[in-house]
Structure formats: C-alpha cells, structure tokens
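Residue numbers (this note's numbering), protein chains in the order written: chain A, 1 to 361; chain B, 1 to 262.
FYI, nobody ran anything at the bench for these hints, they're computed from the structure. No residue lacks a Cβ here, since even glycine has one placed at the ideal position from N, Cα and C. Just to be clear, a hint being listed does not mean it is correct.
Claimed, not checked - Stretch by stretch, here's where chain B covers chain A in the computed footprint (C-beta under 8 Å, at least three residues):
# : segment
1 : 22-28
2 : 85-96
Stated by the list, open to error - Computed beta-carbon distance windows for the label pairs:
#  : chain 1 : residue 1 : chain 2 : residue 2 : range
3  : B       : G248      : A       : G342      : 55 to 63 Å
4  : A       : D224      : B       : N11       : 40 to 48 Å
5  : B       : D51       : A       : R164      : 22 to 30 Å
6  : B       : E46       : A       : S200      : 23 to 31 Å
7  : B       : E10       : A       : P225      : 45 to 53 Å
8  : B       : H26       : A       : I327      : 40 to 48 Å
9  : B       : E46       : A       : Q214      : 17 to 25 Å
10 : B       : D51       : A       : N135      : 33 to 41 Å
11 : B       : W236      : A       : H234      : 40 to 48 Å
12 : A       : S200      : B       : H78       : 31 to 39 Å
To be verified - From the derived model, a few chain B residues whose C-beta atoms are all more than 12 Å from chain A:
#  : residue
13 : I6
14 : I7
15 : Y14
16 : M25
17 : S152
18 : Q175
19 : R201
20 : P243
21 : A255
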Amino acid sequence: MEQQEITLMKGNEAIAHAAIRCGCDGYFGYPITPQSEILETLTKLKPWETTGMVVVQAESETASINMLYGGGGTGKRVMTSSSSPGVALMQEGFAYMAGAEIPGLIVNVQRGGPGLGTIQPSQGDYFQATRGGGNGDYEVIVLAPSSVQEMADFVDLAFELSFRWRTPAMILSDGVIGQMMEKVVLPPFKARRTDEEVISQCPWASTGRTPGRQRNVITSLELDPAVMERHNLHLQEKYAKIRASEVRYEESLTDDAEYLIVAFGSAARIAQKAISEMRREGIRVGLLRPITLWPFPAERIAQLADGVKGILSFEINAGQMVQDIRIAVEGRTPVAHYGKMGGIVPTPEEVASSLKSLLMR
Amino acid sequence: MENNPIISPENVVYQKPALMNDNHMHYCPGCSHGVVHKLVAEVIEEMGMADKAVGVSPVGCAVFAYNYIDIDWQEAAHGRAPAIATAIKRLWPDRLVFTYQGDGDLACIGTAESIHALNRGENITIIFINNAIYGMTGGQMAPTTLMGMKTSTCPYGRQADLHGFPLKFADIAAQLEGTCYVTRQSVHTVAAIRRAKKAIRQAFENSMNQRGSSLVEIVSTCSSGWKMTPVEANKWMEENMHPFYPLGDLKNTVADKAPQQK
Numbered sequence: 001m002e003q004q005e006i007t008l009m010k011g012n013e014a015i016a017h018a019a020i021r022c023g024c025d026g027y028f029g030y031p032i033t034p035q036s037e038i039l040e041t042l043t044k045l046k047p048w049e050t051t052g053m054v055v056v057q058a059e060s061e062t063a064s065i066n067m068l069y070g071g072g073g074t075g076k077r078v079m080t081s082s083s084s085p086g087v088a089l090m091q092e093g094f095a096y097m098a099g100a101e102i103p104g105l106i107v108n109v110q111r112g113g114p115g116l117g118t119i120q121p122s123q124g125d126y127f128q129a130t131r132g133g134g135n136g137d138y139e140v141i142v143l144a145p146s147s148v149q150e151m152a153d154f155v156d157l158a159f160e161l162s163f164r165w166r167t168p169a170m171i172l173s174d175g176v177i178g179q180m181m182e183k184v185v186l187p188p189f190k191a192r193r194t195d196e197e198v199i200s201q202c203p204w205a206s207t208g209r210t211p212g213r214q215r216n217v218i219t220s221l222e223l224d225p226a227v228m229e230r231h232n233l234h235l236q237e238k239y240a241k242i243r244a245s246e247v248r249y250e251e252s253l254t255d256d257a258e259y260l261i262v263a264f265g266s267a268a269r270i271a272q273k274a275i276s277e278m279r280r281e282g283i284r285v286g287l288l289r290p291i292t293l294w295p296f297p298a299e300r301i302a303q304l305a306d307g308v309k310g311i312l313s314f315e316i317n318a319g320q321m322v323q324d325i326r327i328a329v330e331g332r333t334p335v336a337h338y339g340k341m342g343g344i345v346p347t348p349e350e351v352a353s354s355l356k357s358l359l360m361r
Numbered sequence: 001m002e003n004n005p006i007i008s009p010e011n012v013v014y015q016k017p018a019l020m021n022d023n024h025m026h027y028c029p030g031c032s033h034g035v036v037h038k039l040v041a042e043v044i045e046e047m048g049m050a051d052k053a054v055g056v057s058p059v060g061c062a063v064f065a066y067n068y069i070d071i072d073w074q075e076a077a078h079g080r081a082p083a084i085a086t087a088i089k090r091l092w093p094d095r096l097v098f099t100y101q102g103d104g105d106l107a108c109i110g111t112a113e114s115i116h117a118l119n120r121g122e123n124i125t126i127i128f129i130n131n132a133i134y135g136m137t138g139g140q141m142a143p144t145t146l147m148g149m150k151t152s153t154c155p156y157g158r159q160a161d162l163h164g165f166p167l168k169f170a171d172i173a174a175q176l177e178g179t180c181y182v183t184r185q186s187v188h189t190v191a192a193i194r195r196a197k198k199a200i201r202q203a204f205e206n207s208m209n210q211r212g213s214s215l216v217e218i219v220s221t222c223s224s225g226w227k228m229t230p231v232e233a234n235k236w237m238e239e240n241m242h243p244f245y246p247l248g249d250l251k252n253t254v255a256d257k258a259p260q261q262k
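Based on the provided sequences and hints, a complete structural model is requested.
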C-alpha cells in the first residue's frame, strides 16, 4: 500500500496538482482572479518535463476554450480554468463542444457579478453553468466541490464523465474553495494515455486518418434539417441517459429532518455549521448537497419534500438553484431562498435565522 | 479498353489528386478556392502526410473544405481556427496541422487568435484566402476590401471616414518574431499556381521541421461577390488587388534570404 501524502494547499493549487496526476494532456488558460494560481502552479511544476502535459497561456478565454475544442477534438484530456466573466466569454465554445460532442474540462472559480463585478466569492454563475449562455439545446455536466479535497478529486471524475458522455464537463467552484487552504490527499499518479491508446479509445477523434476507420471531421455544422434534427435528438437522448445515471449528491441528517437546507459548494459548508447550531436548539434540520448541479438531484429533493415542513435554498447569489428546487418540489412544501451578493459570504448564524424567519413563522 | 489502349497508368500526365474526393463542390465558377484546395491536397499527398494531416476549416466559404479533401478535419468557430490548430499541434507535434481561412475569418473576427498563434511561433501553417469580400454571406465589406470598392455594406464604395482602411495582414504577420515564412501568392495563371504550390509546400515543410509559423496568403477572386465573370474577375484582381497586395515573399527566415518583393 502506498502511503497517503497529506498536504496543505489552496483549492486552486489542488486542481493543478490533480490535473498533472490524473493524466491530463493539456491546459489552456488565461489569467483572472481568483483562480490564477491554477496556471501559476502548473507553470511552476513544469509538467511538460515530467508527464509531457502541455501548458499554454492563451491570448484570451475565447482562445482557451477553442484550444479546448481543438485538443478535445483529438481525443486528448484537456482543460481550462477561469472565473465568472472569463467563463462568460467561453460560452460560445461550450455550445460548439456540446454540438460536436467533444470532451473537455472547464473549471470556474466563481466571483461576484454581473459584469466585471467583484473579485470576491459568489455562486452567481449557477444559471450560467446549468442553463448555458451558448446557443441551441445543450447541457454541460456540472460538478460543485465543497472542499479542497473535492477540488482535487473532481478533476479526474470530471474527465471520466466528460469522456464517458463525450460532452464538456465543468467544475463549478468559487473564490472561497479556490483560495482557502485545507488538508488534501492528492490522487495517485495515473499515466497520460499514449497516442496509440487515444487513437484506439477515441475512434471519433481527428488524430489524422487511421486505418480501420473513416476519416474524422469534428464539426457542429449540418445544413440538412432532417440530419440536424436527428443529431439533436441523439443529443437529447444522451442527456436523458446522463440525467438517469449521473446524479450525485450528499445528504446529512435528513432521516428525522423537519426542515431541509439545499446548498452546494462553499455554501454547503456554512449550512452544515448552521445545522449543528440549530440542532443544538432542538430544530431538526437536514442538508442535501447537490454534487452534480446538472444533472440536478430533483428526484431525491422531491422525495424529501414530502417529509419536511419547508426547504431553504441557501446560495451565495440572489436565488438561482431555488428555481430547480421549486420545479422538483412542485408545491409540496414551502421553498424559500436565502443568499447574499456582492462578494459577501453569509455566516452560519445568518443562515439559521433566515431559515427560522422564512420557514418557521 | 481495347478501343483506347493509351489510357493506362504509365501514360498519365495529369490527374486529380487522390485526396480530392468526388463530392460536388459548392464553390462558384471561377472561384479561387477550388484551385487552392487542389494545391493543398496535392502537397499533402506528395509529402506523404495524408494520414498525419489535420486541417482546420473556418467559417466562411471554405467552411466545407472538409467535404472535399479526404483527411481528418476540425471545423472551427468563426475566427478561432488558429487557436484550435495551436492545441492540435501542441498535443500531436508530429502531425501536419494547418488552417484554411478567409479574410473575414482571419483578419477581422479572428485577428487576435491569428496574430497570437503566429507570434507564439506555433508550428502550423495558415492558408489565407484574401478575396476582399465576405463571400458566404453574400458580398459584404471585408477587412481587406479595397478603397472605393463596392460591396453590399459599402454600396457607394469603401471610404476612409466611414469604413477605415484595408488591412494588410501579411505585412503585420511578417513583423512577428514567431513567423518564419510569410508569402503572398495568387492562382490566376498557370505560373502563379505553380508558385503558390511551391509556397504551400515550403510552409508545410516549415511546420513539420518545427521552424515556426508560416502564412501563405492567396490573393483570390470572388466573381459572385464582385459581380463579374471569372475572366473579368481575374483581370480586375491583377489590375486592382495585386498593386495593393503585391505578390512575393514578405519574409523567409528558413531560406535565410532577405525579404523580397515580387
């Protein structure tokens, strides 16, 4: 048994270390606060001298996402990272990747908006991540880490999901998780796939013509309406399968809960603390933490809704995920939202008192 | 067969490159794209790179380039081909990676990606079709539209106060440290086609020899967009485009020659 190495590092650094360790072939990114440590850590670690991973500082987020399209289109494990306004700029590329069925990982370490907004943390990009700003009918798999450990663990998971379904996957983090330091056990080293492995595992990739397959063209373009509709139906079938099989969430203290808090990422950490305080006061509150924001754990939330007096959606935004909860709950129980904006991170006390005032009247 | 015994492999003097398939081309009669496609296909074939080539097609008339040349392709978002090519070449250094872009794609919406890929010295080739107009969308003004030239969005002719000036992109590219070879060619005569083919070959060899970025501009006609017959378009190009976009090498550090015009 290999001994576990426990290290102390920032969430952003954990992403960089995990990328190198999980066989990532290429990183393409543009600096933006609060996630620049990802590119900085990668360039400091020089993985091109060890694993052969390519690291490119692109001229813009527009270029980064298109480098992802290019690299992913050849079947390589490629990733980019950015923060909210930069991810806004990448939206076009997500639609192209989804349309052309190209895998790739995007990390969004969220900051407050709209526009240039603030460099302080926020969860204001829930809609941007789960609704998408690109054109057409497409989805992006979205994972929401709530610890530095999950920042490290989700890199490989996101790549696995992205390649399993040939669709882009996102790690939706925020400035809190990106910047805070925690203990982390980095994933074990996994070798990058050889070119031959990439070619055999990704027979759809444009790696140069290969005997035994037709030549490959990576494109999202099709002018024949019948063919384009067939392609869209294929995508929708794929999304239905992802909804059916890839929902991930974590529950705590829901067995006897009278009230339920739904929170993801850093908000879930704050909610956990608020719940222990309320439990001390005798209020039985439970937590459901969606790990996949898309696909959303709607079914489980609907089940829990039947047994509670109310659900609080706690998000560090004006109320975005609360819409998905309401769709899931379909009026079975009251659903309220609490959150703050502008880069302000609420305290556990504020969460507890908002639950009391919004749901226990 | 018995009535035409001279049709045999050893008697072939000219044939379509094997990499050009029989798909019906969507290009207009007289368009330069068909000739340039043929040159690209011939060079890939002659270099023995058919199984190692990955092309990146643009948005514009050449969006469907992948339909005609039988290699692996990626179809880019508008202007982003050099970013896509950057990633492919970085991840697969032994592949022949090139983009094929028009003036709107390369020198307008994709200016940043083009300049930065060239300036990083990516080992890629950009084939740049400059016909001074947006052909695919029906003949609008391009960054390279000449002064006074009429298009559907400058119907009274391009004028400086309204539209600014035509962009000599190859001249900019030649100033960049990352480029090893920048040349401007045309395909209006047999001699010019031969020179253009040589330029494409030189550029592709530079890419494979890790010499840096190469840009091959082909000053081209758009008889539909220009509203001329193919013959008139060729003549108009020689009289108007070539004086403003003079043919020849703008930079060739590989041949270790001083830049020369014509």
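Confirm or reject: B/Y14 is not an interface residue toward chain A, with every Cβ-Cβ distance exceeding 12 Å.
holds (25 Å)
Does the beta carbon distance between B/W236 and A/H234 stay inside 40 to 48 Å, or does it fall outside?
Because 47 Å falls inside the window, the suggested range holds.
Check the following: the C-beta atoms of B/E46 and A/Q214 are separated by a distance inside 17 to 25 Å.
Given about 23 Å between the Cβ atoms, the range holds.
Can the suggested window of 22 to 30 Å be confirmed for the beta-carbon pair B/D51 and A/R164?
holds (28 Å)
For the hint 45 to 53 Å, verify it against the beta carbon of B/E10 and that of A/P225.
The hinted range 45 to 53 Å holds for B/E10 and A/P225, with Cβ atoms some 48 Å apart.
Is B/Q175 truly not at the interface, in the sense that its beta carbon sits beyond 12 Å from all beta carbons of chain A?
Label holds. Min Cβ-Cβ 17 Å, cutoff 12 Å.
Okay, B/H26 versus A/I327 on CB: inside 40 to 48 Å?
For B/H26 and A/I327 the Cβ distance comes to about 44 Å; the hint holds.
Taking 23 to 31 Å as the hint, is the beta-carbon distance of B/E46 and A/S200 inside that range?
holds (29 Å)
In terms of beta carbon proximity below 8 Å, does the segment 85-96 of chain A have 3 or more residues touching chain B?
Per the Cβ count (3), the hint holds.
Would you check chain B against the segment 22-28 of chain A, counting CB to CB pairs closer than 8 Å, and say if three or more residues qualify?
Check passed, 3 qualifying residues.
Beyond 12 Å from every chain A Cβ: check whether that's true for B/P243.
Label holds. Min Cβ-Cβ 33 Å, cutoff 12 Å.
Verdict on B/M25 as a residue remote from chain A, using beta-carbon distances over 12 Å:
Correct as stated: the minimum Cβ-Cβ distance to chain A is 15 Å, above 12 Å.
In summary, this structure violates none of the numbered hints.
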